[in-house]
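Colleague: As they're listed, the protein sequences go chains A and B. Sequence positions in the first sequence follow the working numbering and run 302 to 534. Sequence positions in the second sequence follow the working numbering and run 302 to 534.
Worth flagging that the hints you see were computed from the coordinates, not collected in a lab. Check before you lean on any hint, since a few could be wrong.
Said to hold, decoys possible - Dumping the calculated DSS-like pairs for lysine-lysine here, alpha-carbon to alpha-carbon at most 25 angstroms:
#1 A:K471 x B:K469
#2 A:K469 x B:K471
#3 A:K471 x B:K471
#4 B:K509 x B:K471
#5 A:K471 x B:K362
#6 A:K384 x A:K362
As the list claims (entries may be wrong) - Incomplete in silico selection of chain A near chain B, CB under 10 angstroms:
#7 R343
#8 F360
#9 Y401
#10 S423
#11 M433
#12 L462
#13 K469
#14 N486
Stated by the list, open to error - Under 8 angstroms between C-beta atoms, here's a sample of chain A residues computed to sit facing chain B:
#15 T327
#16 K377
#17 T435
#18 F447
#19 G472
#20 T474
#21 F485
All C-beta atoms in this analysis are idealised placements derived from N, C-alpha and C, irrespective of residue type, glycine included.
There are 2 protein chains.
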Amino acid sequence: MKRLLLASTSTVYGGTYLSYLQEELTDFFAGIDEILFIPYARPSGITHDEYTAIAQQGFEKIQKRVVGLHTFADPKAALAQAKAIFTGGGNTFLLVTRLYELGLMSILREVVAGGTPYMGTSAGSNIAGQTMQTTNDMPIIYPPSFQTLGAVPFNINPHYLDPDPHSKHKGETRETRIKEFHKFNDIPVIGLREGSWLRITDDQIELKGNLTARVFLKEQPPYETTDLSPVYP
Amino acid sequence: MKRLLLASTSTVYGGTYLSYLQEELTDFFAGIDEILFIPYARPSGITHDEYTAIAQQGFEKIQKRVVGLHTFADPKAALAQAKAIFTGGGNTFLLVTRLYELGLMSILREVVAGGTPYMGTSAGSNIAGQTMQTTNDMPIIYPPSFQTLGAVPFNINPHYLDPDPHSKHKGETRETRIKEFHKFNDIPVIGLREGSWLRITDDQIELKGNLTARVFLKEQPPYETTDLSPVYP
């Protein structure tokens, strides 16, 4: 039993927080009234309380209560007992560091494998992969490990961006970075564009939204697809 | 005695490898016939030999010999005896990992502090800072530490990019990432645009090229400047 909803981004251009996902969220969290929110990625360094308030607002329209994991005296027990979990985006290095420091990474791995519905956006989706090594984030803090939940047999590159053919900038493109990753790692990488999300139920995977995903396999040319079943499970 | 040349990029739009820096290189390496090249950052995963050949080509017009550090049986001794050092760009996580694995980080720190002329581009400039934590690179490998040379009292963000006011992309801007860095770190950050480089001689710092740099100090609004003396030494 495994239930995952992994989105590239929380917000699309012109929308508000989670607005483009409302229909999907209603379905994914059907029958669940309370969602445990993991706020540790702190986008732009906002506080855990501020971030939880934003998440709460995103779920208001579909009448779900959102409770911040940071408000529990015993976050391990809170995770173990959660009806559903949502990890928001922000800085992946920070998120992973806090999950390890608080002894939560292994518990989160277990409850997700055990069937607790897990939703992630951006950094929260990135950690569902084998490692955080295809994050786009800046290493603002040194994590004890790059290993993450391994809830899927690939890594996710959220906010995937196509090279801009008109750019005069000489920094590496996203594709170049992922190719560099594959010089040292075998894990498949899914480039998930903003507006795309993955819905996973046990051994079924579905790419949703209106875009293709870009699949990167070691020593093979990347390709566009809507069918991710070859890389899952 | 300290002599540093720290460039944002090796190549600017429309130019070839190091072409825009030829005049500066002639001056910086005056009287030096051989440059020790550190190829470990391996851009796009090219080999150490391939990368050294590119560097050699970049120095051909000014008649300098470039020797790859990877070709020495005893790279520690090679570093210690180098007349001048150039570290090329690529992946900073990889560069830092290899420097630590080979026991070279502390030696490089010493020889640079001791006056061996040091040139860096991109990742090679990033490691001149206090830590590698303002790199733009993907964490394709797990380094033993994020600490770097500390040859300057700040961190460098190479390939600094201004936010695109027309972008519909919701990934974090460079400025947002650096602000996140300052939630957890005090080190000043210099956003060094492509086409800019720093020339440092003992206690003097000069920003060169035709652009301003963007200076980020903890809990202060970032500002544009051509005078970096307030952050050095």
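Colleague: Now, for every hint given, state plainly whether the structure supports it.
Modeller: Status of each hint after checking the structure:
A threshold of 25 angstroms between alpha carbons decides the hint, and for K471 of chain A with K469 of chain B the separation of about 21 angstroms falls inside it, so the pair holds. For the hint pairing K469 of chain A with K471 of chain B, the CA-to-CA distance comes to about 21 angstroms; that is within 25 angstroms, so the pair holds. For a cut-off of 25 angstroms, the pair hint linking K471 of chain A to K471 of chain B stands: about 21 angstroms separates their Cα positions. With a CA separation close to 32 angstroms, the supplied pair K509 of chain B and K471 of chain B exceeds the 25 angstroms bound.
A hinted pair counts as satisfied when its Cα atoms are at most 25 angstroms apart, and K471 of chain A with K362 of chain B qualifies at roughly 22 angstroms. Proposed proximity of K384 of chain A and K362 of chain A is supported: the alpha carbons are some 19 angstroms apart, at most 25 angstroms. For R343 of chain A, the shortest C-beta to C-beta distance to chain B is roughly 7 angstroms, which falls under 10 angstroms, so the interface hint holds. For F360 of chain A, the shortest C-beta to C-beta distance to chain B is roughly 19 angstroms, which exceeds 10 angstroms, and the interface hint is violated.
At about 13 angstroms, the closest approach between the beta carbon of Y401 of chain A and any beta carbon in chain B exceeds 10 angstroms, and the interface hint on this residue is violated. Contact between S423 of chain A and chain B, as hinted, is supported at the beta carbon level, the nearest pair being about 8 angstroms apart and thus within 10 angstroms. At its closest, the beta carbon of M433 of chain A sits 7 angstroms from a beta carbon of chain B; the interface hint therefore holds under the 10 angstroms criterion. Interface hint status for L462 of chain A: upheld, as the beta-carbon distance to the closest one in chain B is roughly 6 angstroms, under 10 angstroms.
For the restraint placing K469 of chain A at the interface with chain B, the shortest Cβ-Cβ distance is roughly 4 angstroms, inside the 10 angstroms limit, so the hint holds. The closest approach between the C-beta of N486 of chain A and any C-beta of chain B is roughly 7 angstroms, which is under the 10 angstroms cut-off, so the hint is satisfied. Here the hint on T327 of chain A is broken, as its CB sits about 22 angstroms from the closest CB of chain B, past 8 angstroms. Hint status for K377 of chain A relative to chain B: violated, with the closest Cβ pair at about 24 angstroms, above 8 angstroms.
The interface hint given for T435 of chain A is met, as the beta carbon of that residue sits about 6 angstroms from the closest beta carbon of chain B, less than 8 angstroms. A distance limit of 8 angstroms between C-beta atoms decides the matter here; for F447 of chain A the minimum to chain B is near 5 angstroms, and the interface restraint holds. Look at G472 of chain A: its Cβ gets to within about 4 angstroms of chain B, closer than 8 angstroms, so that hint holds up. Because the closest C-beta pair between T474 of chain A and chain B is about 10 angstroms apart, greater than 8 angstroms, the hint is violated.
Checking F485 of chain A against chain B by beta carbon gives a least distance of about 5 angstroms; that is within 8 angstroms, so the hint holds.
Violation of the numbered hints given earlier is confined to hints 4, 8, 9, 15, 16, 20; the remaining hints are satisfied by the structure.
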